[in-house]
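Undergrad: Here is what each chain is made of, one letter per residue.
Protein chains: 2
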Amino acid sequence: MDLHNYIKERCELVESRLKHAMPAETEFPVSLHSAMRYSTFAGGKRIRPVMMIAACEAVGGDINTVLPAACAMEMVHTYSLIHDDLPAMDNDDFRRGMATNHKVYGEAVAILSGDALLTLAFILLSSPFLASNIPPERLLEVIHEISSAAGSRGMVGGQVVDMEAEGKSDLDIATVQYIHTHKTGALIKASVKCGAILGGAEERDLASIVRYGEAIGLAFQIADDILDIEGSSAELGKSAGSDQHRGKATYPSVVGLAESKRQAAELLNIALEAIDSFGKEAAPLREIARYVIERKS
Amino acid sequence: MDLHNYIKERCELVESRLKHAMPAETEFPVSLHSAMRYSTFAGGKRIRPVMMIAACEAVGGDINTVLPAACAMEMVHTYSLIHDDLPAMDNDDFRRGMATNHKVYGEAVAILSGDALLTLAFILLSSPFLASNIPPERLLEVIHEISSAAGSRGMVGGQVVDMEAEGKSDLDIATVQYIHTHKTGALIKASVKCGAILGGAEERDLASIVRYGEAIGLAFQIADDILDIEGSSAELGKSAGSDQHRGKATYPSVVGLAESKRQAAELLNIALEAIDSFGKEAAPLREIARYVIERKS
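Sequence lines, in order, name chains H and X.
According to the working numbering, the residues represented by the first sequence are 1 to 297, in order.
According to the working numbering, the residues represented by the second sequence are 1 to 297, in order.
Any given hint might turn out to be false.
Where chains are identical, the list cannot tell them apart; a pair therefore holds if satisfied intra-copy or between any two copies.
As the list claims (entries may be wrong) - Lysine-lysine pairs mimicking DSSO-like chemistry, simulated, CA-CA at most 30 Å apart: (1) LYS103 <-> LYS248; (2) LYS248 <-> LYS168; (3) LYS19 <-> LYS8; (4) LYS248 <-> LYS261; (5) LYS103 <-> LYS261; (6) LYS248 <-> LYS8; (7) LYS45 <-> LYS8; (8) LYS280 <-> LYS45; (9) LYS296 <-> LYS103; (10) LYS261 <-> LYS19; (11) LYS168 <-> LYS103; (12) LYS19 <-> LYS248; (13) LYS248 <-> LYS296; (14) LYS168 <-> LYS8; (15) LYS248 <-> LYS45; (16) LYS103 <-> LYS280; (17) LYS296 <-> LYS8.
It should be emphasised that the hints constitute simulated quantities derived from the structure, not laboratory data.
Modelling step: build the complete structure from the supplied sequences, incorporating the hints.
TA: Next comes the structure, spelled out in structure tokens:
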């Protein structure tokens with residue numbers, strides 16, 4: 001299969017749906033709506049939405065039932081990036097080669113546009129037009145998965161521990177694993193899980209997809225850690241080695257580069273094995289797993 | 001009826017439910033969960049939850065069906081206060097006589113605990129145990145109302161316009177009204193609307209409750225503006241006159257104190273008329289409307 005085309009086509013669907021799902025830049029208050037769109041359309045790779053779609057298709061689901069939730073997931077992800085970049089957090093001036101939200105709109109509007117994007121995800125997921133096409137119990141399940149993955153026992157919890165670990169020299173692997181599985185892994189796992197739920201997966205297939213998502217969610221962040229060391233600044237759109245300079249908790253800093261690569265490869269195998277019994281509909285999910293580990297940016 | 005006892009009893013139910021609905025302070029990451037609880041239990045008057053319960057009871061609903069949503073509403077309200085107080089926004093050191101969240105936990109954890117509280121509201125509203133007692137379509141409707149009221153076309157939009165209006169001398173009443181109906185009014189209206197939805201209100205009663213909520217939502221903030229001028233610092237738990245000093249957009253600053261009082265009284269009448277056909281089950285809703293306009297803190 002041609003992963004490049006697969007991703008390109010799904011991304012285009014997500015882009016177009018996202019554009020419709022968000023208030024226009026010209027809608028009052030203009031600063032807020034501009035800021036929300038600025039970060040949402042700042043060149044993100046849409047990995048989470050594409051994984052959600054791929055999981056839906058892997059269990060034989062229809063892409064149209066999953067698109068709104070895929071957009072909601074990208075809104076949650078975008079809000080988390082805006083807040084992560086704030087002066088009180090990572091204090092980043094650039095992301096993907098572009099000025100960060102607070103550098104363009106100021107800190108107050110950046111905080112509020114993140115708040116509004118997180119909120120918009122739930123506005124979208126509870127929209128009456130969705131409930132007419134998707135069983136409401138299923139929508140509630142998806143809302144519960146996404147909010148739980150984003151909350152204090154998921155992504156936000158991971159972000160707090162990540163911040164508190166910064167600069168510490170005596171981190172153990174359990175702490176770094178907690179950070180990675182929560183800060184990054186939770187949303188990725190929720191993405192494929194929600195894709196499978198909306199695709200109408202049976203219990204057993206859902207459990208397989210969740211195992212896949214857990215493995216890839218962790219592997220994704222380990223690959224990110226490795227990229228921070230081996231990638232070039234041009235490919236990354238930020239300074240290579242910036243995690244190291246900041247004393248961020250990373251796999252290579254705790255277990256070394258070689259062992260990090262070994263564990264990423266092992267997680268890839270676990271992910272592929274989890275969906276081994278799936279047919280060719282799962283080919284994109286398999287290719288995405290390989291891409292996540294081997295990407296250069 | 002004895003409003004004092006009515007509010008006291010409902011508040012106790014909300015307090016107890018809120019305590020159960022939130023992760024323990026001792027749960028990892030401790031800083032985050034402590035910060036979330038700190039602001040949630042910082043002496044809030046629980047006006048929105050009590051109004052939601054009163055609206056539910058006014059249409060003959062059962063208090064137990066509405067308690068979780070009442071807690072979710074208070075979480076959304078609390079998150080908004082934490083973010084409003086941040087240095088990049090109002091930069092407040094005290095609220096209700098206590099140090100603000102970021103003064104105790106630092107700016108980063110304050111931002112994230114606000115994020116986590118907003119998210120927790122949706123975790124709670126989509127919980128499987130709720131969906132077993134309440135029709136899922138109804139829960140989706142409540143999620144849609146609360147998120148819409150909190151988002152860029154509701155509370156967050158109002159906050160942005162409020163910030164941008166600060167210090168401007170040429171504000172018109174339409175702008176101040178936009179700020180008040182969005183920043184404060186939207187959540188109050190959503191509170192009574194959700195209470196009525198969960199109470200199983202018929203279309204006509206729901207529309208009446210919404211009219212009540214719109215009037216009281218605006219009146220609530222006008223009363224706040226008046227209190228800022230007439231209240232004592234001890235009663236308010238913050239410096240009296242602080243809105244004035246900051247050049248905040250208020251009704252008195254645009255239409256004067258006497259006209260502000262006249263409009264608040266008129267809105268109270270509109271609210272009471274809207275639920276005039278309701279029976280004695282709506283007595284608390286009527287009393288709360290009077291209390292909102294006439295309170296001293």
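Undergrad: Taking the hints in turn, state whether each one holds.
TA: Structure-based check of all given hints:
| no. | hint | verdict |
| --- | --- | --- |
| 1 | LYS103 <-> LYS248 | both (22 Å within a copy, 25 Å between copies) |
| 2 | LYS248 <-> LYS168 | within (8 Å within a copy, 43 Å between copies) |
| 3 | LYS19 <-> LYS8 | within (16 Å within a copy, 47 Å between copies) |
| 4 | LYS248 <-> LYS261 | within (18 Å within a copy, 55 Å between copies) |
| 5 | LYS103 <-> LYS261 | neither (35 Å within a copy, 42 Å between copies) |
| 6 | LYS248 <-> LYS8 | neither (32 Å within a copy, 48 Å between copies) |
| 7 | LYS45 <-> LYS8 | within (10 Å within a copy, 51 Å between copies) |
| 8 | LYS280 <-> LYS45 | within (24 Å within a copy, 58 Å between copies) |
| 9 | LYS296 <-> LYS103 | within (27 Å within a copy, 41 Å between copies) |
| 10 | LYS261 <-> LYS19 | neither (38 Å within a copy, 44 Å between copies) |
| 11 | LYS168 <-> LYS103 | both (28 Å within a copy, 24 Å between copies) |
| 12 | LYS19 <-> LYS248 | neither (34 Å within a copy, 34 Å between copies) |
| 13 | LYS248 <-> LYS296 | within (20 Å within a copy, 50 Å between copies) |
| 14 | LYS168 <-> LYS8 | neither (40 Å within a copy, 47 Å between copies) |
| 15 | LYS248 <-> LYS45 | within (23 Å within a copy, 41 Å between copies) |
| 16 | LYS103 <-> LYS280 | neither (45 Å within a copy, 55 Å between copies) |
| 17 | LYS296 <-> LYS8 | within (17 Å within a copy, 60 Å between copies) |
Of the numbered hints listed earlier, those contradicted by the structure are 5, 6, 10, 12, 14 and 16.
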